[in-house]
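Participant: Using the supplied hints, reconstruct the complex from the two chains, each of which is provided in its own coordinate frame.
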Amino acid sequence: MMAMPDAMYGGHSGVTSSDKPLEYRDPNQSVKILGFWLFLATDMLLFGCLFATYLVVRTHTDGGPTARSIFDIPGFTLETFFLLTSSFTGGLSTLAMRNGNKKALVSWLAVTIALGLAFIGLEVHEFIGDVAAGATWERSAFLSAFFTLVGTHGSHVTVGLVWMFLTLLQVAKRGITPITARKVFVVNLYWHFLDVVWVFIFTVVYLSGRVM
Amino acid sequence: MPSGFMQFADKYLMWKEGPMIWGSDVAILLVSIGIVFALTYFHKWKWLWREWITTVDHKKIGIMYLICALLMLFRGGADAELLRTQLAIPNNHFLSAEHYDQIFTTHGTIMILFMAMPFIFALFNIVVPLQIGARDVAFPYLNAISFWLFFFAAMLFNLSFVFGGSPDASWVSYPPLSELGFDPGPGENYYLLALQITGIGSIATGINFLATIFKMRAPGMKLMHMPLFTWSTVAACVVIIFAFPALAIAIALLTLDRIFGTHFFTILHGGNPMMFVNLFWVWGHPEVYIVVLPAFGVYSEVVATFARKRIFGYSSMVASLMLISVISYFVWAHHFFTMGAGADVNTFFAVASMLVGIPTGVKVFNWLFTMYRGRIRMTLPMLWTIAFVPCFAIGGATGIMLAAAPADYQYHNSYFLIAHFHQVLIGGVVFGMLAGMYYWWPKMFGFKLDERLGRWAFWFFNIGFYVCFMPQYALGFMGMQRRMYTYPADMGWNTLNLISTIGAYIMAIGFVFIVIQVLYSVKYGERDLTGDPWDGRTLEWSLPSPAPHYNFAVIPTVTSRDVWWELKEQGRTDELKPKAEDIKPIHMPKNSARPFLMGLAFFVAGFGFVFDLLWLGFLGLAGVVACLIARALEYNDDYHIPVHEVVETEATLGRLG
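In order, the protein sequences belong to chains B and H. At position 120 of the first sequence the residue is numbered 122 (our numbering), and the sequence of numbers has no breaks. At position 504 of the second sequence the residue is numbered 516 (our numbering), and the sequence of numbers has no breaks.
Only chain H is shown next, with the shape it has when bound in the complex (with noise of 0.2 Å):
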């Protein structure tokens, strides 16, 4: 072959670097020969182009997500397992120091921004407006927007495996050590890039669904009838909306001291990498109740619908959420005790930690009074809401540990920090989406996933969670530091991470399982036929499943709190259904290609900047300003469906009153 590709392969593709990387390539061009020829095969690029790429439908657009999610909890979870079979015993070469900070890095990053953030988002897609009674969100172009930001975001950072080599400076990526000097060469650029473009996307949604629950809500709906899912959404789009500029400006000014030579975290100039530090936990710590407060909202849904009781405490539910967003805005630094504020900051920022617990407390007991004395099934969505009580709970007990400053001069990036925020990321938001898919799945797809595999599913998950956890907080205890790739034989860690390492594959199978429960239950998964298969008691059961894309033919008018129970405890459930008299022309947006080709451009200016191309990045980002200015000056992004369309459609779905 000839020298100038062999540089190239080696520079740019690593083919030097072994099998794994091999691997992917062989798959990643595997999988894309497989769906470019999959759509050909059943002509179905038509159908990808108009019924998803160009859709701004917000269903679609949270299945979207949805998918995007699960995929990148496998990615996450490969690296995880990777990780743990580096660590199983000690002095071991599985991974060199250098893949293992490469591996942490994209595992961190992955999995809070491009599984965690997506899998809210799907969640606010799918069930917001049918909760609300709205016909879609405030901004559906803008919302395809954000998706495809997200999308291309995640495209871009995991380009960087297979071509130019990962970020290694860990999901944090503290200056001075992600400074160029530090740490040169693609990586790090990969991720201030794909975490910037994501960002924005991330904005977008959380003001989209602001406006959207407080302008869109069905006519006699206040606030406080909307569902807690929905308020759950308002928490955390207030956080959105507050906490990520922080990153957005973070992450920049480092993007300019590597790209462009500024000195703002630098050591040399006057630097100072603190800063960093400050803003980054700014937005990190909101960031985690962010993806926390939906799925409480998913939890005292699936409570109350499978105790069949109303919420215990609704309003101090809603109280406990709006006070979790208002005090993560006042918990950053309790991530850098250490870095020697003084005694008084220190203890401002430990009390308030402390203060989180009260708001969360609140709404545990709330949870556990509603299923005090109801009557309970046992259904998957029930299932994990119940595992996550105990869970949360030791999660949140070992966190209370940490925000002790004094004490937590011992455990600051010990195994006991990996065990506590795994612990509520995973026992918390983890639990509570897979909750929420499974509770919700029914409505997007029109059949329910197998109730056998899923407890498959979650057995293996949860005793692979305890086995693979509990062992590091004792770890964490006998002087483990995190992102240490591996240690020596005689420091007793050798058992402990051995079974730790066990947990974590038996957690793999469990993800196995959920992959097989899906495959099974497309084909012989219980169908949907009522619109309703749970017995549910807010405004999106009252669909059949899944929805039409205009959602309700008639907009509801709402008189209370849970009104699809209340009208269901009356007999009155017909009076949801559309009469043909009362069908008018429905308004809604046309799809577009731009959110799209948006991305794309955003794409190619990451591209650019990440390998220092300055004309691709302004070219990229010419073509997102064409795509502005052409959206600007666009009047027809409208239609009305007529109503014999309507008409017909509930006809079909046998609704019409």
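So here's chain B without its partners, still in its complex pose (with noise of 0.2 Å):
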């Protein structure tokens, strides 16, 4: 018998190799990313399970508001520079962190968060103005599933928000080390997930919804 790592995340080798990237040097940090990578799996589930509600319900306005009537260009369009803009900066957050950079890294997250903010600031601007033109999600199953989709996905952006400014904190006080290297590619993993699934729902829902 050979001699045995003793950690218990060992996992086949328990070698920790220094030709990876940071986040993924520590095996205790390396299979968090997994274990979030499956999270992210379920989680394009629970989006995917909305879509197809909202793709049924579409049509169905009960003589109320329409995907048509309500849905303004230059508000998601805004909307939608806004998000893939934090994407991108986020990104280059991550790629501060590989660089050892922390004051790089803590500015783009910081950039990122500004971005996400203002893209909640419109959304909420948004369903505000539908709901006081009568467009409320008990107006119609069209409304529902609006609502609960791109809230959801809105609920998601937040609760990104709050974590990446809690992982900016801990990058600050902490500097640049495998474990919060992992968290701030983690919380970037997400961020991009988020971004991904409003690229659908840019399409599906406000394109289609002009279009259609």
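The reader is advised that the hints may include incorrect statements.
Pairs of lysine to any residue, SDA-like flavour, derived with a Cα cap of 25 Å [as the list claims (entries may be wrong)]:
id, chain 1, residue 1, chain 2, residue 2
1, H, 72, H, 560
2, H, 227, B, 44
3, H, 227, B, 24
Covered stretches of chain H, as calculated for chain B (at least 3 residues, CB under 8 Å) [unchecked claim]:
id, stretch
4, 203 to 214
5, 251 to 258
Everything labelled a hint here was simulated from the structure, so no lab data went into it. The structure presented is a predicted model; accordingly, all values stated were derived computationally and were not measured. Backbone N, C-alpha and C fix where the C-beta goes; we use that ideal spot for every residue, glycine too.
Facilitator: See below:
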């Protein structure tokens, strides 16, 4: 029998290799990244079910507001601009983390949070406008599904903002360690995922709603 | 008494509803007082807190799941006996229609979500880390959260019986019946919130065990070296993570309809009730595979051990497990062929449903071929395994009958269906979980369950099963529909119903024998001093029973399938005994009270939403968020067990090499 790794998370080798990116070097941390990918799979299915529901009741407006009448092109275009840009700056924060540049990392996280806040602000503004115009989620199945799908994405973004802020604080306090590196990496995975979901919302909900 | 209290008692405590409620109130009160008294009298509060409530040890979490599963088997079983008593004779009014509806709803929900699920999670927790040579699961803290979410969800669900009223729209809870307009009152909300909370825990468990199995196997253990129970856990977890989100959405949307006035599934304002039915079964059908796949894993372990042979067709066993988990996703519409989706849709789902029979058939033949020419020992786990084979074969055959869409128009929602799914769920899942419980019991507790009492339980339960459910196939053909609370005397159903009820009582006697067996064996059961009471084949049997809390003092290196058996054959078992000089400090997760508190916060939130107390609901959710933030900022959640402590423990166990 060979000498064995003593760590709980020894895995196959228990060897920490330095040619991997920082967030993957410690097996205690890299297993969490795998776990997070699995979580994203479940979250993707969550959104998949909401999309399916939306598509089924998309035209069930019950004589109330329709997609064409409530979707505001400049509004959702600007939302898209902010969120997609924030995904890019989030990517830059990961890059800064890999380069060991703490100052740049903190700055890019802050920019990402600011863009995310702008997105949420616009979305809340859009929802308030809809409700004021009588397009509430009690009005029709279409509106129930619209607010639930887009609102679920929005609440995910809100959670992501709080989470990213907490991560920023930890990086500021503790610097770039295998643990904080993993945290930066994972929160950015989440952020990119929400971006991908938004691309579908943009296409399936807003664009199709205006065109079809 | 003040009239305010009497109103409260009538509305929420349901004191007008009769002796069953009063009896339950008294029983709950007495049991609670008894528990508090016993804990205080024996000074066990600290022990309970330190050793169990705050634990993150997979073995202890597994034991807690097991205890809960057995208690819920009792609750669900008591429901079943009430249902069968009501149906024993025609024109019976032992239960009112309303109570009958509530009881079949809680029976189904509890048996699937709060009995079968924790039972498989119990075995995942107890067995998987030991089988793959790991010291815990990948995320022990998350594992504790999963358990406490399940626990508090089960509490919330069971609370409905004595506070506010049980759900009564059946375990599938189809709208529009389950919408506010047709089903006011908190019962349905209890169902929705309890399922939501336990569902989150189940998703987390699925993620946890996949990460554990993919990342934490002992060095040298390739995927195709893994024991089949571990493989069945992989298959079940894959289905969990792909199916449970659909349930989460289905019940979340129904909750929005009921509490926030949306129109997903209402008849008014464009809602579409069939969307719920689809979403529900996108989870619901895979769910039955989630619970049966681990049972298949148990049978595979048991058959190989007690036939003293390598499992026949290991690769085909793995392939069929994975194939079942994939096909499980393409069969859901067979639950509502009568919806009218059209011949093309029905044909697709009918064919897919029949396809499941192929990999399942492969497995049955592999188990039989493993037994063929083996030196079979008729122990309790083996008895349940052998009983499973014909039972599941018949249940599978009637399943193929149901899968034939045109014929299903005849069987749909008749007692034929009831008989079918009880046969596969009891014959497949319950038999398997009991086999697994008997098999790994010594590993959990250090003693075997008494063989003689176990045989009484086995025969009562098995004979009772056939007496109970075979007549129901016939009743289905004779036109008896499910969920009818009574029937007229001239339908020709009287005799068969009476026989079926007698069978249910015989099964209850079997359960009582299991209870007696457990109690008796705590004191008199054969102690397991070797750690390998069954002459097992896989790594868990190389450890003492029960295993020390770090499991392996030194992680073994695996070179083959059935590695423990190989080493025994070659007389090399001493190689797995740790040498003092190889022992290093062991890195372990710290206990935490937060998973328990998070479960409690979810309970408060759930309770708030059940009664439309939105402030309480959001207060509970704020508690959940507080727990999450505290966790995000936590850094010292692990510690090292010093070498001398490990050496001492191993020396006491007589294992130092």
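Participant: Against which earlier hints does the structure fall short, listed by number upward?
Facilitator: Those not satisfied come down to hint 4.
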